[in-house]
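Okay, here's what each chain looks like letter by letter:
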Amino acid sequence: MSRFEHVVIVDDELDHAVISRLVLAQVAPEVAVDTFTDLQGLGARLAKVTPQSLVVMDRMLNGAESFGLIEQLKAARPDLTVVLVSAVLSAQDTQRAAEAGAMLAAEKPGDLIAWRAFFTDLLGRRPAESGGSAVA
Amino acid sequence: MTSLRSETGSAPFDLHALIDALLFSVSHDLRSPLLTLSLSADLLDEALRDQVAASGGDASTVGVALNALRHGTKDLERMLQALTAVSRARRRPLEPVAAPLQMLLGGHVVISDEGDLGRRTVSVDVLAVREFLDATWGDQPAEIHVRIDGEFAILTCPPEDGFSGEPLAALAGSLQSYAGTAVQGLATAQVMIERLGGSLYCEPAHTIVCLPLASPVGFSRGRS
Numbered sequence: 001m002s003r004f005e006h007v008v009i010v011d012d013e014l015d016h017a018v019i020s021r022l023v024l025a026q027v028a029p030e031v032a033v034d035t036f037t038d039l040q041g042l043g044a045r046l047a048k049v050t051p052q053s054l055v056v057m058d059r060m061l062n063g064a065e066s067f068g069l070i071e072q073l074k075a076a077r078p079d080l081t082v083v084l085v086s087a088v089l090s091a092q093d094t095q096r097a098a099e100a101g102a103m104l105a106a107e108k109p110g111d112l113i114a115w116r117a118f119f120t121d122l123l124g125r126r127p128a129e130s131g132g133s134a135v136a
Numbered sequence: 001m002t003s004l005r006s007e008t009g010s011a012p013f014d015l016h017a018l019i020d021a022l023l024f025s026v027s028h029d030l031r032s033p034l035l036t037l038s039l040s041a042d043l044l045d046e047a048l049r050d051q052v053a054a055s056g057g058d059a060s061t062v063g064v065a066l067n068a069l070r071h072g073t074k075d076l077e078r079m080l081q082a083l084t085a086v087s088r089a090r091r092r093p094l095e096p097v098a099a100p101l102q103m104l105l106g107g108h109v110v111i112s113d114e115g116d117l118g119r120r121t122v123s124v125d126v127l128a129v130r131e132f133l134d135a136t137w138g139d140q141p142a143e144i145h146v147r148i149d150g151e152f153a154i155l156t157c158p159p160e161d162g163f164s165g166e167p168l169a170a171l172a173g174s175l176q177s178y179a180g181t182a183v184q185g186l187a188t189a190q191v192m193i194e195r196l197g198g199s200l201y202c203e204p205a206h207t208i209v210c211l212p213l214a215s216p217v218g219f220s221r222g223r224s
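So the protein lines, in turn, are chains A and B.
Position 11, counted from 1, in the first sequence is what the numbering used here calls 11; the numbers after and before it change by one each time, with no gaps.
Position 160, counted from 1, in the second sequence is what the numbering used here calls 160; the numbers after and before it change by one each time, with no gaps.
Mixed in with the good hints there might be a few duds.
Away from chain B, derived, C-beta distances all over 10 Å, residues of chain A [claimed, not checked]:
{"id": "1", "residue": "Glu-5"}
{"id": "2", "residue": "Val-33"}
{"id": "3", "residue": "Phe-36"}
{"id": "4", "residue": "Ala-47"}
{"id": "5", "residue": "Gln-72"}
{"id": "6", "residue": "Pro-78"}
{"id": "7", "residue": "Ala-87"}
Have a look at the derived ranges for each label pair, beta carbon to beta carbon [said to hold, decoys possible]:
{"id": "8", "chain 1": "B", "residue 1": "Ala-17", "chain 2": "A", "residue 2": "Gly-43", "range": "28 to 38 Å"}
{"id": "9", "chain 1": "A", "residue 1": "Glu-30", "chain 2": "B", "residue 2": "Asp-161", "range": "45 to 55 Å"}
{"id": "10", "chain 1": "A", "residue 1": "Gly-63", "chain 2": "B", "residue 2": "Leu-127", "range": "30 to 40 Å"}
Calculated from the structure, these hints are not laboratory results.
Note that beta-carbon positions come from the ideal geometry of N, C-alpha and C, so glycine has one too.
Please work from the sequences and hints to get the whole structure.
Below you can see the structure in the form of C-alpha cells.
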C-alpha cells in the first residue's frame, strides 16, 4: 500500500512526464497519476489537486526555476507533499528546496532500475532511503 | 570582471557570468532529454528482450540498435557530467582562510628546504583543497615537494598519467578525450584553485599547484 493515493507529475518535458507516469504505473498501479506538462495556469491547477497528494516537480519549468512555485504551493496547500527533481542538483539547490518547503530534493535517476527504486521509496518508505537529499 | 559591450551599444555584460550560465544551462538542459533517451532505451530493452534473444541476441538489428543507443547515451552522460563538475566548481562558495601548510598537507610526505615551513600559511578554502588532494592522491601518501616563491607556496606533486598542460583547457578542448578521467578532476581543482588566487598545471613528471601565501598577520581572507 502506497503512502500516497494520488501523484502529480509536473514536468514541461512531455516525454519525460509520460515515461515517469509509465514507471509509476509499473511500481504502484493502484496510485492515480496526473501529469501537468502545460504550465499555463499551473499554480491554479495545482491548488485544486486531490488532498494529501504527492507532487513531483521538475526544478526547471520553461527555463525558470520552480522554487518560488513550490513556496507558493506549500503556502496555499500545506497538505501536499512536494518533491523536487532535477537533472542536476547542488547542495545549494537542496538547501533552497528545503527553504521553499520541499520534503525532498533529488537528482533524476539515470536509468530505469534507479527510477523504479526512487518511486518505490517515495511511495512506500522513508525519504532518506530514496537516494535523494531529505530536506525536511 | 571581464565584460564586453554588445555591438548595439547596450550595457556591458559579464563574460564570466555568461560562461557560468552557459555551463549550467548546457549541463542541466541537455541532461534532461538525455535522461529521456536513456529511460526509453531501458524500456525498449525490457519490452523487446525476448524478441532480441529469439532473433540472434545482441547481433540482431534490434539488439545492435539498442546497444548503440545505450552506449551513445552513456557517452553523452559522461561528457555532460564533466561540464556539470566544472559548473559546480565555478559556482561553489569558497571561504579562504589562513591555513598552515603542514596541516593542509597532513597525511602526505612533505619535503621542503624551507626552514620555517611549519609556520607558513596559505590562503585557501581548506575543505576544497583537501578534497582535491584526497581525490587525486588520497589512497596513499603522496610525495609533495614544497618551496616558497614570492607570494606563493609551490607544491610539486606526483604526475597524473603523463598528462601535461592546463587540465581545464584540455578538458574544454576535448570532452571526448578527458571527460571522466583524472584530468577532469584536475580541471575542476584548477577552477577552484584559480578562484582562490593560485594556479594548477601539469608537467610530464609533476603536477604543480601554486597556492597564495596568507598575510603573515592573523587570519586573512583571500580572493574568491
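How the hints compare with the structure:
1. Glu-5: holds (25 Å)
2. Val-33: The assertion about A/Val-33 holds, with a minimum of 16 Å to chain B.
3. Phe-36: Answer for A/Phe-36: holds, closest chain B Cβ roughly 16 Å.
4. Ala-47: Given a closest Cβ separation of 26 Å, the condition holds.
5. Gln-72: holds (23 Å)
6. Pro-78: The claim stands: A/Pro-78 keeps its Cβ more than 10 Å from every Cβ of chain B (closest is about 29 Å).
7. Ala-87: The claim breaks: A/Ala-87 does not keep its Cβ more than 10 Å from every Cβ of chain B (closest is about 4 Å).
8. B/Ala-17 <-> A/Gly-43: 28 to 38 Å: Holds: the Cβ-Cβ distance is about 30 Å, inside 28 to 38 Å.
9. A/Glu-30 <-> B/Asp-161: 45 to 55 Å: holds (53 Å)
10. A/Gly-63 <-> B/Leu-127: 30 to 40 Å: holds (33 Å)
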